[in-house]
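Protein chains: 2
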Amino acid sequence: MLVVHVFVQVKTGKIDAFTTATLENARSSLAEPGIARFDVLQQADDPSAFILVEAYRSPHDAVLHKETRHYQVWRDTVADMMAVPRTSVKYSGIFPDEKEW
Amino acid sequence: MLVVHVFVQVKTGKIDAFTTATLENARSSLAEPGIARFDVLQQADDPSAFILVEAYRSPHDAVLHKETRHYQVWRDTVADMMAVPRTSVKYSGIFPDEKEW
Chain A
105 MLVVHVFVQV KTGKIDAFTT ATLENARSSL AEPGIARFDV LQQADDPSAF ILVEAYRSPH
165 DAVLHKETRH YQVWRDTVAD MMAVPRTSVK YSGIFPDEKE W
Chain B
105 MLVVHVFVQV KTGKIDAFTT ATLENARSSL AEPGIARFDV LQQADDPSAF ILVEAYRSPH
165 DAVLHKETRH YQVWRDTVAD MMAVPRTSVK YSGIFPDEKE W
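Note that the protein sequences, when read in sequence, are chains A and B.
Okay, so the first sequence: first residue is 105 according to our numbering, each after it adds one.
Okay, so the second sequence: first residue is 105 according to our numbering, each after it adds one.
Read the hints as simulated data drawn from the structure, not as lab findings.
Since the list can't tell identical chains apart, any single copy or any two copies may satisfy a pair.
In silico lysine-lysine, BS3-like type, Cα no more than 30 Å apart, as pairs:
#1 Lys170 with Lys118
#2 Lys115 with Lys170
#3 Lys203 with Lys118
#4 Lys115 with Lys194
#5 Lys203 with Lys170
#6 Lys118 with Lys194
These numbers were taken from a predicted model, which means no experiment stands behind them.
Put together the whole structure using the sequences plus the hints.
The structure is reproduced here in structure tokens:
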């Protein structure tokens with residue numbers, strides 16, 4: 105399992121709009137066959153800090169995700185809501201087993 | 105959902121031993137009623153960097169976890185395997201809905 109953590113720092117005053125757009129994208133992403141999970145986390149001590157936890161069944165599924173309409177709409181919608189450019193880190197999911205994600 | 109990311113940097117030569125102990129702890133932790141998930145992630149470009157992703161149904165469940173035998177065995181087993189003290193960050197899981205974790 106390829107797990108990508110996407111870190112987003114949202115501008116003050118844009119948290120609600122970012123949340124709305126991101127939940128819409130998360131719901132659509134979860135319907136992609138190559139996506140096992142698409143969690144949205146908000147940092148407890150900094151509500152402007154978010155992580156998108158994207159679990160892909162293969163690296164190719166991560167490529168396919170970026171070709172979807174819902175991803176592109178999200179990317180364009182939130183572009184001006186970010187305080188700094190977003191960053192990401194890739195992980196290999198070693199637990200649970202592949203089929204349990 | 106309270107989601108805790110625990111960051112661990114493992115000493116060179118201790119990766120296999122850390123993985124074994126951590127998978128044992130993850131399996132037992134997942135059997136706790138207050139734990140919805142207990143993922144183990146290994147950083148793609150740095151195999152000595154791990155994140156434990158612990159999803160608790162309530163803050164009290166995080167307290168109960170630390171009282172379990174399997175947590176305490178893991179804590180003591182891996183204490184000398186870490187290159188630096190581990191750190192953690194707390195998040196609120198805002199997607200998916202509580203029952204979907």
